[in-house]
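This is what each chain is made of:
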Amino acid sequence: MLSRLKRASVENELLYLFLHSRVAQLAALISVLMMGAAALAAFVAPSNPYDLASFDLLDSLLPPSYMDGGDARFLIGTDDQGRDLLSAILYGTRLSLTVGLLSVAFASILGVTLGLMAGYLGGRFDTIVMRIADVQLSLPAILTALLIDGIARGILPQQRHDDLMLVVLTVAIGLSLWVNFARTARASTFVEKNKEYVQATQIMGMHPLRIMFVQILPNILGPIMVILTVDLAVAILLEATLSFLGVGVPPNQPSLGTLIRIGTEYLFSGEWWIVIFPSLTLVVLIVAVNVLGDFLRDALNPKLR
Amino acid sequence: MDKLLSVNNLSVMIPTRFGDFLAVDSINLDVKEGQIHGLVGESGAGKSTIGAAIIGLLETPAFVSSGTIKLLGQSLTELDNQTLEGLRGRRISMIFQDPQTSLNPLLSISDQLVETIRQHRSMSRDEARKAAIELLEETGINNAAQRIDDYPHQFSGGMRQRVVIALALCTEPALIIADEPTTALDVSVQKQILKLIRDLAKQRGVGVILITHDIGVIAEITDEVTVLRYGRVVEHGKTPKVLGSPDETYTQQLMAAVPRLDKRLDRFVNIASDDHRIDGNTAWQVKGANDQHASQWLLNNPTSQSVPAADQTELSTSDSSTSVLQVQNLSVTYDAKRSWFGKKTGFQALNDISFDIKPGEVLGVVGESGSGKSTLAKAIAGLVPVSQGAMWFNGTNLPDAAQRARTHPARRQIQMVFQDPYSSLNNRRTVEAILTESLRFYGLADKGAPSRKLVASMLELVEMPQRAMLKYPHQFSGGQRQRIAIARALMARPDFLICDEPTSALDVSIQAQILNLLKELQKNLGLTIVFISHNLAVVRQMADTVMVLRNGEHVESGLNEDFFTNPAADYSQQLLRESPSLELLLTD
Amino acid sequence: MLAFISRRLLQSVFVMLAVSLIAFTLFRFVGDPVAQMVGQETSVADQERIRDSLGLNDPITTQFVSFVSDLITGNFGFSYRTRQPISEMILSRMPATIELGIVSLLISLLIGVPAGIYTALHRGGAIANTILVTTLIGISIPTFVIGIFLIFIFGVQLGWLPTFGRGDVVTIGWWQTNFLTIDGWRSLLLPALTLGVYQLTLTMRLVRSEMQDVMKTDFIKFARARGINRHSIHYNHALRNTMVPVITIIGLQFGGVIAFSIVTESVFQWPGMGLLFLDSIRYVDIPVMSVYLVLIALMFVVINLIVDLLYAVIDPRVRTGATH
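Chains as they are written, first to last, in the numbering used here: chain A, 1 to 305; chain B, 306 to 893; chain C, 894 to 1217.
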C-alpha cells in the first residue's frame, strides 16, 4: 500500500533513523570517545600503570583529589600499589576493548563462515555444524571460556601461559561466542538461499563459494551487524568477568575486571573509589555498546516499524 | 432493501516521514442488506485501508482524517473506542486473506468458535457449541460434530477458510468485510468459497464488502462494484454495467488488460502506460547503445546451434533433430525432510512426464498448486535432480542437476525468468552489476565499453531507460524489476527461456505490459519458451501448445486453440469451467 | 509424539557422549594423570604400575568406555588437589548452588514475564519506556558488578544483610538448606538478587519481543475483528503463542543461571559447585573440571527434554504429530 511512497535503501533508512535518535547518537558518541581515549591511552594517561618503577607505595590508597587527603596528581585516587587509578582505567579500557574486538572478530569470521556454509550446503555439513553448536550451547559462554582457560593452564607451563594469556583469552571468548554468529548466518542464509536471485546464479553454474560469499553474504550482513554489536558487549563483559575471577589477563597488566577484583578487597575498609570508578567505566562502555546494538536491531527489523 | 452501511467522504491519512500520505481520498460507498459490494483496484489503490477503516482496525499511525461511516444509522466515526469494540464482531466482522495465518494455531476450532459466540450472545457453553456445529455444517464442513474439536492445522486450506467464514458469521453480524478471501486458494477451491459467501449473503441478508485485485472474482459474485485507484473512486455502479461498458478510461484500460479465455490476442491494446521512465530522465545515454544493438547481438548468436561433440548421443526417435528440448518419462522425487515421526518419505513431485518443444515454440504448462509445474521448470534448469527419465537439449543428452557440470553449455543456453521480482534480483548489486554478471561469467563481451553498451542496449530492449543501470533493484517497482529480470536472462544469449509464473506477482495492467514484452521478444528473437502459469487465461494468451499437469501427472496436451475450445480430459474441462471468466459481461 | 520425544532423547544421548568425550580428552591428555597423583620421588617403575592398574595403557576406546561407565555409575574418581572422592565434594556443594539457582530463576520469571507482557502491551507508554531503559542498563551491568554494588549498599553502607557465606543452614539428610532459617534467607537474598537481575532482564526483553510479534499476527487481528475482548486476546490468545518460544529460552536461561552462579558464588563466597569449579581451574584440578563439565551438560540436556515435553503440552501441532 505504501508502494507509492518513496523507496529508501537500507543504508539511507539506517542513517535517517540514526539522525533522529538522540539516544543512539549519544551512545555512538560515548563509544567513540571511550575507544579513542583507550586507543590513545599511552598519550593521554598521566602515567604508565604497567611501569612498576613509576609508582610509589607511599602513594597507595589515596582518595580522589577533591576529597580530604587527596593528591592533585591523582584525579580519582590511587590503588593499593600507588598506581594512578585514571591511568590504570585508561589502559584497562584499552585492554578490555582490544580483547573484546579481537575475540568478536575471531568469533564472527569463524561463525559466519560455518553458518553460511551450513545454511547453503545443508545436508551432512549442516548437521555436523549444528550438532557441534548444540553441544556448545549446552555449555554457557562463561563456562566455555573458563574451561579453555583451564585447559591452557594444564597444557602450557606457567611462564608461557602468562605470555600467551591475551591470546588464550581471545580464543576462549571467541570460541564461546561463535555459535551466535553461526546460527544467525545460517538462518538468514536459509531465507536467502531460496530466493530466486540465488537460483539464477545456480542455473548459471556459478561456483558455490562465489554464490555464498559474493552473492549471499552482502544480503545477510544486517542481522550479523546486530550480533556483532551485541556480542561485543558480551565479549567485554566476559573478559571483565574472567579477569574478575582471576583467570583472565595477567595481574601486571590490569584490565577493568582486574581493577575491580583488587578493589573489592578494599570495599569494606572504605577505599570505595578503587572499585567504583572502574565499575562505572565498564558499565558505561557496555551500556553504550548495547544501546547501539538495540538501535541496530530495531532499525533493521522491519516487523517493528 | 435497506441501506446497511453508508460511507461518506471518507479520507484516511498515514503520516510518514516523507510527509502525510492520503491513502484514501474522500470516497463514498453504500452497501445494502444481502448485497455483495466489490472494491477492486491494483496495489496502492487503498482498498484494504477502506476495509480496515470501516471495522476500526487501522494500523497506527493511519487515522480517519475526515468523513463519516454509518452502520444501520449509527455513526461509527463518532463512537469511542469502547463502544466500537462492542460493535466489532457483533455488527461487523471480517474475513482475512490467508486462512493459514488467520486462525490461532494453539486453540481448537471449538475453543475459538465458542468463545466468539459467547462474547456476543448470552448462551451456555453447550448451547454455543451446538450453534457452532450447526454453523460449521452450514459453511460446508462435513462431520462437523467430530471435527469441531480439531485444531486448525488439521484442516486443508479451503476447509480452513470455511472455518474462518464460520467464525466471522457466528456472531450474526450485519456486515462482513472480506479482504482478498480467495487469493491464497486454488481455482477450484476459490469457486466453492465464493459460492459459499454468495449463498450465505443471500440467505442471511448479510451485507458483504469484497476487497480484491481480481476482476474475475468481482465478475463472479458481486452485485455492485467500486473501482479504485490511488485512493480515489474511479467508477462505481452495478457490476455488469461497470465491467461490461465502463465509462472511465482507467476502467476501460483495466478491463483491456485482463487476459481473456475465449480468444487469443496478438497483444493487449489500450492498456495503461507504464511508469517506467524513472525520473523522466531519458537523456542519460551510453554512446551507441540502442535496442537494435541488443536484438542484433541476440540474433547473431554464434553458439546457439553449436553442440559440444563430446556430449553427443544419438537419439533413436526420428524427429529429434527438430526438437529443442525433448523430455522422456521424467520423474522427480523429493527426499522429504524427516517428519515428526522420524520416518523418511519420498514425495513424488513429477511422475513420468514426456513432451518435446520445437524451435520458436511456446509451451504453456498449466496446473494448480502441487501439480509439479515448478518442479518441471527446476528439473530442466538443472536445479533439482531427476529420479527417472531423460532430457535431450538440441539433440544431445541434457544431464540433470546432479550430473550437469558447472561448465555445461546448457547452463548458459537455458535461462529462467522467475515469479517474484522482489526476490529474483540481488538487492546489494547495481542493475549494471546484475546484468554484466553473465557477460563476464560466460565471457560474452569484453570488459568496459562493450559490456556497458550491451547492458544499456538490453535495458532499451526491455523498454527501460538506460540510466536504470546505475541504480539498485529496490528503487524500481515490481513491473520494472521484472523487466530487469528478463534483461538478465537475455544477457546470457539463451536459446531457451523458462518463465515460471512471470506475472502472477504483478498487478493486472503491469501483467499485460510484461506479457506484451515477452510476446514481442519471442516473436522478434525466435525464442523457445516454456511458460508456466496457474492462470489459464494468461496461458491462453501466451502459448502455442498447452500441457496440463495434476499432482505430478500429465493430464492432457494440445494446441492452444484446440485445448481451449475443446478440452478432452474431464479435469481440463473442470479447470476451464472453474476459472473466473468475464464472458458473461463482455459484449463482443 | 512418542517419536518426537524419542528423537530428542537420541539427540540428548549424542550431546552427552560428545561432552563426555571432551571431558575424557581433558582428563586423559591435559597433563599426565599419574604424575599428578604421585609425588616427585615415586620411581618410574612404580608410576608404570599405577598407570597399568588405572587402565591407562589400554586402548583409547576401552579407556573411554570405562570412563563413561564410571560416570554413569557415579564413580567420579578423586580430586588431584584434596584427594577426596569427587562425588562427595560435589554432593556437599550441590544444595547450595541449586537453592541459589532456584530462587534467582523464580525472581527472574515472576518479575520478568509480567514485566515483559506489560511493556509489550503498553508500547511507548511512560512506565513501559522506563522499564525498558532500566533493563538495557540491567543487561549491561556484569553480574559481579551488581553483586559488588549490592554488597556496598546493603552490606557496607547500610549493614542490613550478610555479604558472604550461607549463614545458618539446617541439615536434612545430606542436604543443607537455607530455606528453614531466617538467617539463611537473609544470606540468600543478595546472591539470589545478583544472579536473578541479569536473567530477569533477559526474560523480560524476550517476552516483550515475542509478544509484540504475536500481537501483529493475522489471527490476533482476526480475533479483534470478531470482537473478542481485550483481556482474552492478550492473556488467552497472544500469551499462549508467546509461551512457545519463551519456554525454549527459559530452558537455556537455566544454563545461564548455572554459569553465572560461578561468578555470584565467587563474589559472595557462596560454598556451591561454582566455587568448586573455579578452584579446580585455578589449581588445574582436571578430574573435578571434567566431572563438573559432564554434570552441567547433563542438567542442560534434562532441562531441554522437559522443555520439549512442555512444547507438546502447549502446541497441538507437536502433540498430534503434524508436519508443519
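Check each hint, because a few of them may be wrong.
If you want the ones that stay clear, here's a sample from chain A, every Cβ over 10 Å from chain B, calculated [stated by the list, open to error]: (1) L33; (2) A41; (3) S47; (4) L121; (5) A133; (6) D162; (7) E196; (8) A200; (9) Q202; (10) M204; (11) M206; (12) Q215; (13) M225; (14) D298.
Chain B is faced by these chain A residues, among others (derived, beta-carbon under 7 Å) [unchecked claim]: (15) A187; (16) F190; (17) K193; (18) I203.
Calculated cross-link-like contacts (lysine-lysine; reagent style DSBU-like; alpha-carbon spacing at most 35 Å) [unchecked claim]: (19) B:K758 to C:K1109; (20) A:K193 to B:K776; (21) B:K496 to C:K1109; (22) B:K337 to B:K592; (23) A:K195 to B:K752; (24) A:K195 to C:K1114.
Worth flagging that the hints you see were computed from the coordinates, not collected in a lab.
Model, not experiment: these values are computed from the prediction.
Just so it is clear, CB atoms sit at the ideal spot from N, CA and C, and this is done for glycine as well.
Taking each numbered hint in turn, which are not upheld by the structure, reported in ascending numerical order? 7, 8, 9, 10, 11, 12, 15, 16, 17, 19 and 22
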